[in-house]
Amino acid sequence: MTLKLPKITVWRVIFAVILLSGLYATYLRIMYGLGGATNLTDKFPWGLWIGFDVLCGVGLAAGGFTLVAIVHIFNIERYKPILRPAILTAFLGYSLVVVALLYDLGRPDRIWHPLIMWNPHSVMFEVAWCVTLYTTVLFLEFIPVVFEKFGLHKPLEWIHNISVPLMIAGVLLSTLHQSSLGSLYLIVPEKLYPLWYSPLLPLLFYISAIAVGLSMTIFESWHSSRAFGRALELSLLASMARVLAVLMSAYLWLRFLDMARRGVFGLLLLNRTETWLFALEIALMVVPTLLLYQRKVRMNPGALYACVVMILFGFIANRLNVAVTGMEAGSGAHYIPRWTEVAVTLSIVGAGFAIFRVVAEYFPIFEAHPNEQAPEKIAQTEAAPVAMA
Amino acid sequence: MSRAILYDSTLCIGCKACEGGCAERWGLPYDDKIAAEERLSAHKLTTIETHGERFSRRLCMHCAEPTCASVCPVGALQKTSLGPVVYDAEKCMGCRYCMQACPFQVPTYEWNKRLPKMRKCDMCYERQSQGKQTACAEVCPTGATKNGDRDQLLAEARQRIAEKPGQYYGKIYGVKEVGGTSVFFLSAVPFDQIGLRTNVPQEGLPDLTWRVLDLTPDIVSTGSILLGGIWWITNRRGEVAKKEGPRK
Chain A
328 MTLKLPKITV WRVIFAVILL SGLYATYLRI MYGLGGATNL TDKFPWGLWI
378 GFDVLCGVGL AAGGFTLVAI VHIFNIERYK PILRPAILTA FLGYSLVVVA
428 LLYDLGRPDR IWHPLIMWNP HSVMFEVAWC VTLYTTVLFL EFIPVVFEKF
478 GLHKPLEWIH NISVPLMIAG VLLSTLHQSS LGSLYLIVPE KLYPLWYSPL
528 LPLLFYISAI AVGLSMTIFE SWHSSRAFGR ALELSLLASM ARVLAVLMSA
578 YLWLRFLDMA RRGVFGLLLL NRTETWLFAL EIALMVVPTL LLYQRKVRMN
628 PGALYACVVM ILFGFIANRL NVAVTGMEAG SGAHYIPRWT EVAVTLSIVG
678 AGFAIFRVVA EYFPIFEAHP NEQAPEKIAQ TEAAPVAMA
Chain B
152 MSRAILYDST LCIGCKACEG GCAERWGLPY DDKIAAEERL SAHKLTTIET
202 HGERFSRRLC MHCAEPTCAS VCPVGALQKT SLGPVVYDAE KCMGCRYCMQ
252 ACPFQVPTYE WNKRLPKMRK CDMCYERQSQ GKQTACAEVC PTGATKNGDR
302 DQLLAEARQR IAEKPGQYYG KIYGVKEVGG TSVFFLSAVP FDQIGLRTNV
352 PQEGLPDLTW RVLDLTPDIV STGSILLGGI WWITNRRGEV AKKEGPRK
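If you read the sequences in order, they're chains A and B.
Letter 308 of the first sequence, counting from 1, is numbered 635 in the numbering used here, and no numbers are missing.
Letter 147 of the second sequence, counting from 1, is numbered 298 in the numbering used here, and no numbers are missing.
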């Protein structure tokens, strides 16, 4: 038997470099503490790991609960082919958020403390509980895939029996903590720049999370169709893009109304970093939203993909603006992440992509996967109460 | 009875005895180099700031409704009935939300330790529990820092302003700021000129998040009914459709 070495490609080399630098950064984090691995200071205690890994990570994983709600609660079954990849993304996303937290917490060995030491007045306490419970829910929503792969029918049945309350709990938990990530910033009215501070932060975070959840689902369908050489569910994605356009329009209109009510448009005349990064964020959301109203954009895989990527970047810009840009002036601090912070973040993202790929290759994630062709088999095994009827 | 600290900037001569007293009480190193650092840090829990020819002091304000205690997910920070806001390092998991949320940017972190904790002034909770003065007040040679009963100190501050209105900016910092604090400042000039934050809200901050968190049970219960109901309706529709056979 000959051992086959993996082919060396540019992407694999980049991936290896990122992982190695991430490993070295991990060593620095463990040996020299947060001070040795980050540019965080007393005046600027939350940086890239909270702004990107946690705020963006949780948001980008919102496709899980959005698709579960669409397929199983609203019972719109034609979206089923893209449900599993969305659940897998969410499960991986949340697991990686927990990994990121292990880097960011000063005492990662005490990450479990909020579960037994309560303070219901803390938004962070609520987030901790919701993320713990929701990651468990996602695990249970994902595990049927594993049972299916190994033909374990008994446990499949057990999971199926609790699937409806499980899914409802998942949607509720997501609603709570997606909005709570915005609520985290309600407590800093004098620090967060007025272009972003709003009493509506929880609502704005929630709506944008749903929108970005849909975007991520389109994004990963596009990529997996290339990676696994399967047909793109274009009509499905196009109809999702319609929902996305409407949702983004409502979100942007709400932000406009909110800013008008708070009378902060004058700030846009100031030549400040905040103004330009705000403009970038809004442009990355407005342009794709307008484009998605056109049928030829929605039905063109390349154009649809470009729009979705713009929305993803607009979302990331928004979260980073809240967490970093908007907090600098009010905190009297300037923050640029250190290379170690970037290396850890990129490693986590890279690991996410790699694990997704491996899981999708070995487990029945995409319905068109050669392992399971018969539709009646899918109907029986998936945790879908409707399909069981 | 609630305890407090009154700092009168007009009496302060900038000798930094309070810094030394504080470092000694915490067992922290203190030398000329540290004395020259005019900012709070994990090894300097109070500091004298120089603003031209005037001085100011920074220390935990021990708010009546502490933002830090409200945001701490594990309840490591507590407002005691004695007045000080105290910290239990054994509970702390290092999320640093207290630092992010504190309107006075008081909490600091042991950034370079492998097992770090947050650090801040605790208004000498133990000493005061035993009826002793805070370390800073005890060593202050001019009476610029005074430790005592909150109501009495407030009355005294008002009296000082009333007796020498020309010498004081006519307000007491800490009465209205974030809903009241247990550290009061007197100054000859407006407070922003001695480095105090004047843009802080005039009511307690914890309400801002509690207003939303308080809705959690309502969202969960209403959401359960709605989602469960929608599922029941759409599922029923599916059953009927299946029974009647495929529709064209």
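Bear in mind the hints are in silico, worked out from the structure with no lab data behind them.
Since this is a predicted model, take the numbers as computed values, not measurements.
By construction, the Cβ of each residue, glycine as well, lies at the ideal position given by its N, Cα and C atoms.
There's no promise every hint is true.
Said to hold, decoys possible - SDA-like, lysine to any residue: derived pairs with alpha carbons at most 20 Å apart:
id: 1; chain 1: B; residue 1: K230; chain 2: B; residue 2: G282
id: 2; chain 1: B; residue 1: K264; chain 2: A; residue 2: A577
id: 3; chain 1: B; residue 1: K264; chain 2: B; residue 2: G178
id: 4; chain 1: B; residue 1: K268; chain 2: A; residue 2: K476
id: 5; chain 1: A; residue 1: K370; chain 2: B; residue 2: N263
id: 6; chain 1: A; residue 1: K407; chain 2: A; residue 2: K623
id: 7; chain 1: B; residue 1: K393; chain 2: A; residue 2: I403
id: 8; chain 1: A; residue 1: K623; chain 2: A; residue 2: G679
id: 9; chain 1: B; residue 1: K268; chain 2: B; residue 2: G226
id: 10; chain 1: B; residue 1: K230; chain 2: A; residue 2: S490
id: 11; chain 1: A; residue 1: K370; chain 2: B; residue 2: I199
id: 12; chain 1: B; residue 1: K242; chain 2: A; residue 2: T459
id: 13; chain 1: B; residue 1: K322; chain 2: B; residue 2: Q344
id: 14; chain 1: B; residue 1: K242; chain 2: A; residue 2: K407
id: 15; chain 1: A; residue 1: K370; chain 2: B; residue 2: K393
id: 16; chain 1: A; residue 1: K334; chain 2: A; residue 2: A678
id: 17; chain 1: B; residue 1: K268; chain 2: A; residue 2: L432
id: 18; chain 1: B; residue 1: K268; chain 2: B; residue 2: A174
id: 19; chain 1: B; residue 1: K268; chain 2: A; residue 2: L429
id: 20; chain 1: A; residue 1: K476; chain 2: A; residue 2: S490
id: 21; chain 1: A; residue 1: K370; chain 2: B; residue 2: E261
What the hints assert, rightly or not - The following residues of chain B were derived to be distant from chain A, with all beta-carbon distances above 10 Å:
id: 22; residue: A168
id: 23; residue: A174
id: 24; residue: E175
id: 25; residue: L233
id: 26; residue: C246
id: 27; residue: Y260
id: 28; residue: E261
id: 29; residue: Q279
id: 30; residue: V290
id: 31; residue: E307
id: 32; residue: R311
id: 33; residue: F342
id: 34; residue: L356
id: 35; residue: P357
id: 36; residue: T367
Tested hints:
no.: 1; hint: K230(B) - G282(B); result: 18 Å, holds
no.: 2; hint: K264(B) - A577(A); result: 47 Å, violated
no.: 3; hint: K264(B) - G178(B); result: 17 Å, holds
no.: 4; hint: K268(B) - K476(A); result: 46 Å, violated
no.: 5; hint: K370(A) - N263(B); result: 15 Å, holds
no.: 6; hint: K407(A) - K623(A); result: 24 Å, violated
no.: 7; hint: K393(B) - I403(A); result: 15 Å, holds
no.: 8; hint: K623(A) - G679(A); result: 32 Å, violated
no.: 9; hint: K268(B) - G226(B); result: 14 Å, holds
no.: 10; hint: K230(B) - S490(A); result: 44 Å, violated
no.: 11; hint: K370(A) - I199(B); result: 18 Å, holds
no.: 12; hint: K242(B) - T459(A); result: 19 Å, holds
no.: 13; hint: K322(B) - Q344(B); result: 14 Å, holds
no.: 14; hint: K242(B) - K407(A); result: 44 Å, violated
no.: 15; hint: K370(A) - K393(B); result: 62 Å, violated
no.: 16; hint: K334(A) - A678(A); result: 19 Å, holds
no.: 17; hint: K268(B) - L432(A); result: 11 Å, holds
no.: 18; hint: K268(B) - A174(B); result: 17 Å, holds
no.: 19; hint: K268(B) - L429(A); result: 16 Å, holds
no.: 20; hint: K476(A) - S490(A); result: 19 Å, holds
no.: 21; hint: K370(A) - E261(B); result: 13 Å, holds
no.: 22; hint: A168; result: 24 Å, holds
no.: 23; hint: A174; result: 17 Å, holds
no.: 24; hint: E175; result: 22 Å, holds
no.: 25; hint: L233; result: 20 Å, holds
no.: 26; hint: C246; result: 6 Å, violated
no.: 27; hint: Y260; result: 6 Å, violated
no.: 28; hint: E261; result: 8 Å, violated
no.: 29; hint: Q279; result: 24 Å, holds
no.: 30; hint: V290; result: 25 Å, holds
no.: 31; hint: E307; result: 29 Å, holds
no.: 32; hint: R311; result: 29 Å, holds
no.: 33; hint: F342; result: 14 Å, holds
no.: 34; hint: L356; result: 5 Å, violated
no.: 35; hint: P357; result: 6 Å, violated
no.: 36; hint: T367; result: 6 Å, violated
This entry does not satisfy hints 2, 4, 6, 8, 10, 14, 15, 26, 27, 28, 34, 35, 36, going by the numbered hints stated previously.
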